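Could you put the whole structure together from the sequences, leaning on the hints where they help?
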Amino acid sequence: MQIRIRGGRVIDPASGTDAVHDLYVADGRIVAWDQAPDGFRVDREIQADGLIVCPGLVDLGVRLREPGQEHKATIASETRAAAAGGITTLCCPPDTDPIIDTPAVAALIQQRATQVGHARVLPLGALTQKLEGNQLSEMAALKQAGCVGVSNTLRPLASNLVLRRAMEYAATFDLTIFLHSEDPALRNTGCVHEGIVSARLGLPGIPEAAETAAVARDLALIEHTGVRAHFCRLSTARAMQMVARAQHDGLPVTADVSAHHLHLTDQDIADFDSQCHVLPPLRTRKDRDELRAGVARSVITAICSDHQPHEPDAKLAPFTATEPGISALETLLPLSLSLVDEGVLPLMDLLARLTAGPARVLGIDAGTLRVGAAADICIFDPNCEWRLDANTMLSRGRNTPFLGRRLKGRVLYTLLEGKVVHQLEGIGA
Amino acid sequence: MKNSHIQIDENGRLCHLLTIEGLERQMVLDILDTAESFISVTEQTVKKVPLLRGKTVVNLFFEASTRTRTTFELAAKRLSADVLNLNITASATTKGETLLDTLRNLEAMHCDMFVVRHADSGTAHFIAQHVPPHISVINAGDGRHAHPTQALLDMFTIRRHKGADFSKLRIAIVGDILHSRVARSQIHALNVLGAGEIRVVGPKTLIPAQAEAIGVKVFHDLGRGIEDADVVIMLRLQKERMQGALLPSEHEYFQLYGLTEEKLAAAKPDVIVMHPGPINRGVEMASEVADGPHSVILEQVTNGIAVRMAVMSMVLGNRYASVEERS
Numbered sequence: 000m001q002i003r004i005r006g007g008r009v010i011d012p013a014s015g016t017d018a019v020h021d022l023y024v025a026d027g028r029i030v031a032w033d034q035a036p037d038g039f040r041v042d043r044e045i046q047a048d049g050l051i052v053c054p055g056l057v058d059l060g061v062r063l064r065e066p067g068q069e070h071k072a073t074i075a076s077e078t079r080a081a082a083a084g085g086i087t088t089l090c091c092p093p094d095t096d097p098i099i100d101t102p103a104v105a106a107l108i109q110q111r112a113t114q115v116g117h118a119r120v121l122p123l124g125a126l127t128q129k130l131e132g133n134q135l136s137e138m139a140a141l142k143q144a145g146c147v148g149v150s151n152t153l154r155p156l157a158s159n160l161v162l163r164r165a166m167e168y169a170a171t172f173d174l175t176i177f178l179h180s181e182d183p184a185l186r187n188t189g190c191v192h193e194g195i196v197s198a199r200l201g202l203p204g205i206p207e208a209a210e211t212a213a214v215a216r217d218l219a220l221i222e223h224t225g226v227r228a229h230f231c232r233l234s235t236a237r238a239m240q241m242v243a244r245a246q247h248d249g250l251p252v253t254a255d256v257s258a259h260h261l262h263l264t265d266q267d268i269a270d271f272d273s274q275c276h277v278l279p280p281l282r283t284r285k286d287r288d289e290l291r292a293g294v295a296r297s298v299i300t301a302i303c304s305d306h307q308p309h310e311p312d313a314k315l316a317p318f319t320a321t322e323p324g325i326s327a328l329e330t331l332l333p334l335s336l337s338l339v340d341e342g343v344l345p346l347m348d349l350l351a352r353l354t355a356g357p358a359r360v361l362g363i364d365a366g367t368l369r370v371g372a373a374a375d376i377c378i379f380d381p382n383c384e385w386r387l388d389a390n391t392m393l394s395r396g397r398n399t400p401f402l403g404r405r406l407k408g409r410v411l412y413t414l415l416e417g418k419v420v421h422q423l424e425g426i427g428a
Numbered sequence: 000m001k002n003s004h005i006q007i008d009e010n011g012r013l014c015h016l017l018t019i020e021g022l023e024r025q026m027v028l029d030i031l032d033t034a035e036s037f038i039s040v041t042e043q044t045v046k047k048v049p050l051l052r053g054k055t056v057v058n059l060f061f062e063a064s065t066r067t068r069t070t071f072e073l074a075a076k077r078l079s080a081d082v083l084n085l086n087i088t089a090s091a092t093t094k095g096e097t098l099l100d101t102l103r104n105l106e107a108m109h110c111d112m113f114v115v116r117h118a119d120s121g122t123a124h125f126i127a128q129h130v131p132p133h134i135s136v137i138n139a140g141d142g143r144h145a146h147p148t149q150a151l152l153d154m155f156t157i158r159r160h161k162g163a164d165f166s167k168l169r170i171a172i173v174g175d176i177l178h179s180r181v182a183r184s185q186i187h188a189l190n191v192l193g194a195g196e197i198r199v200v201g202p203k204t205l206i207p208a209q210a211e212a213i214g215v216k217v218f219h220d221l222g223r224g225i226e227d228a229d230v231v232i233m234l235r236l237q238k239e240r241m242q243g244a245l246l247p248s249e250h251e252y253f254q255l256y257g258l259t260e261e262k263l264a265a266a267k268p269d270v271i272v273m274h275p276g277p278i279n280r281g282v283e284m285a286s287e288v289a290d291g292p293h294s295v296i297l298e299q300v301t302n303g304i305a306v307r308m309a310v311m312s313m314v315l316g317n318r319y320a321s322v323e324e325r326s
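If you read the sequences in order, they're chains A and B. Its first residue numbered 0, the first sequence is counted upward by one per residue in numbering that gives the first Met the number 0. Its first residue numbered 0, the second sequence is counted upward by one per residue in numbering that gives the first Met the number 0.
Note that these hints are calculated values from the structure, not bench results. Treat the hints with care, since some could be wrong.
Derived CB-CB ranges, DEER-like [unchecked claim]:
#1 A:Asp33 x B:His4: 42 to 48 Å
#2 B:Leu99 x A:Pro155: 30 to 36 Å
#3 A:Pro155 x B:Asp290: 47 to 53 Å
#4 B:His4 x A:Gly27: 51 to 57 Å
#5 A:Ala269 x B:Thr259: 41 to 47 Å
#6 A:Gly67 x B:Asp81: 54 to 60 Å
#7 B:Gln254 x A:Asn187: 24 to 30 Å
#8 A:Ala139 x B:His4: 55 to 61 Å
#9 A:Asn187 x B:Thr55: 39 to 45 Å
What you are looking at is a predicted structure, and each value in this text was computed from that prediction instead of being measured. The beta-carbon is built from N, C-alpha and C at its ideal position, and this holds for glycine as well.
Okay, structure coming up:
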């Protein structure tokens, strides 16, 4: 299938392009801009006048729930939802069941994703066996099997010594370590930010220091071991500033934030809204604003969905008994775009945080529209306003506080390696 | 701060009682006045009125309680309701039934009111959101969040002793504020009634972060905290606080925050001393104070029945009123 994408505003942050161009796609790759190469025959034309054509989004945090929690979601359902959100590459954490601590599980997930064919799935391997925090996983084998990094997710390590060794071992194989920095003892039984809202509602709080104490320790060990590290889902202004300082000092560290942490605060929990139960918790308005500033200053180079689909029952209980997480694939782009409308950062920079930025964290050749690159393309209407409706969501998880919210910016087409994997219903061929 | 509109119906009347936060001053006064009228009932030889005859009240206790459950039970019986006591810790949840399943089963038995106690903050809100519209929910204590009837009976007791003008009063709440639903509800109630000054007293480990934001002054010294107080409310200290590294020992706690006759001298001469019960004698207060002339602790228990009668009759009464208006 050879495709011409005609007349769209092409924004490719990797090359700094922002202009109207025609793109030519053949054999799964972008083969030319503007001038059709010799012998190109147009099998399909996509009219993109008034639309933005950008690289397919790269999402650093997506729980697919398969294997092990298929009652929540599957690789098929969630990669389909990713395509609807314009996401072509996504990274899944190792806390599946079985855990991604063997090459077999890593291979299984990728095979399943390839079979379904809606999005490219890149697994993170477990940092320790069974994520139990004691023994190192077989990181070299996991890398061989396609894992793009290693992580212990939010599960605790037995000691700082294990962390040090894990960092050293990962660095040996040039693996990036993905850190969810949180001191489990300081978190204790907490489920919301420790502040006015926790005081008012009597919910156990998670102090800011649960994050900053862990980030401080992590930075010390990163400096000591020289490992390349990525801080996942920062939630506090102070932790972000610590990472900024470390970057300034030349440490090989990057960071991401979830889109909902850029939009919601602990006040949104109102009267125990379990849809706002997330980990790390929603923090204060000041934290949210500082995180936005960190995104603008590219201390934070990636915005991710932190997608965590749940069955309805998981949120139907008293707040503390509910499972944390938001189904977020389909809101990643519109929520992020609203930052441009609110003047936080220019559109080019915003799209960089969704494409080239996360691709660089993963060290993969994605998130670009240059000639020769895989034709992973997202085509969206920046002005289309729509309402998020549980009945039309493609993710199996309908757990989101944004249901009914008016969103601006909608994906019309998503191409994965030159194949149209999503086309918004009602859009002409 | 957002209010709990879920407990107020479209006509502005109380249809559940989940928290004091967000209640209008007049509504709190109405409850206290209604309770006042029930005091005479509880003092008669025939202690019953037929207000809730034919209604079924379910005491749904997911956490152990003696005092609160029995006063709710007595209150319901004195209103002529049928009462069902369910101790859920021992039954359904251990069999893997979800909270919502338990509720659905009880609804199927055509009950009119759930009086709920649960160890998780927000449970009463959760239940109120998921019951059908003909069922009322009374929060009898949810986690660390709220215990509104306790706060109301405390306001009732204060009003009986100190008069209706709360703006002249200085009230000190002493002890484990962090884990106390009673303290949270008292603070809201005192703020609604325009209390002159609300103080909380305790070590930093037992005071919530940013406590000032909920309308109190924080003190760490008992003597300074209860100085010139009109009302001193002591909170129960749970034994498990020693394990969580929140306190070194009961001994040191009593030395610093335990109320003795000697320390109480810093308060006003006509101070009243309150406690939601059950008391740990020698931990948060000395027996001489608990049984002394300033103590109104047993009166609180008696008043609890009248206040709970008031809340139950008002909430269920409002139900019928709105049903009749609709039909």
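Evaluation of the provided hints:
1. A:Asp33 x B:His4: 42 to 48 Å: violated (58 Å)
2. B:Leu99 x A:Pro155: 30 to 36 Å: holds (31 Å)
3. A:Pro155 x B:Asp290: 47 to 53 Å: holds (49 Å)
4. B:His4 x A:Gly27: 51 to 57 Å: holds (54 Å)
5. A:Ala269 x B:Thr259: 41 to 47 Å: Check passed, 42 Å falls within 41 to 47 Å.
6. A:Gly67 x B:Asp81: 54 to 60 Å: violated (47 Å)
7. B:Gln254 x A:Asn187: 24 to 30 Å: holds (27 Å)
8. A:Ala139 x B:His4: 55 to 61 Å: Check passed, 58 Å falls within 55 to 61 Å.
9. A:Asn187 x B:Thr55: 39 to 45 Å: Between Asn187 (chain A) and Thr55 (chain B), where Cβ atoms are some 40 Å apart, the hint holds.
This entry does not satisfy hints 1, 6, going by the numbered hints stated previously.
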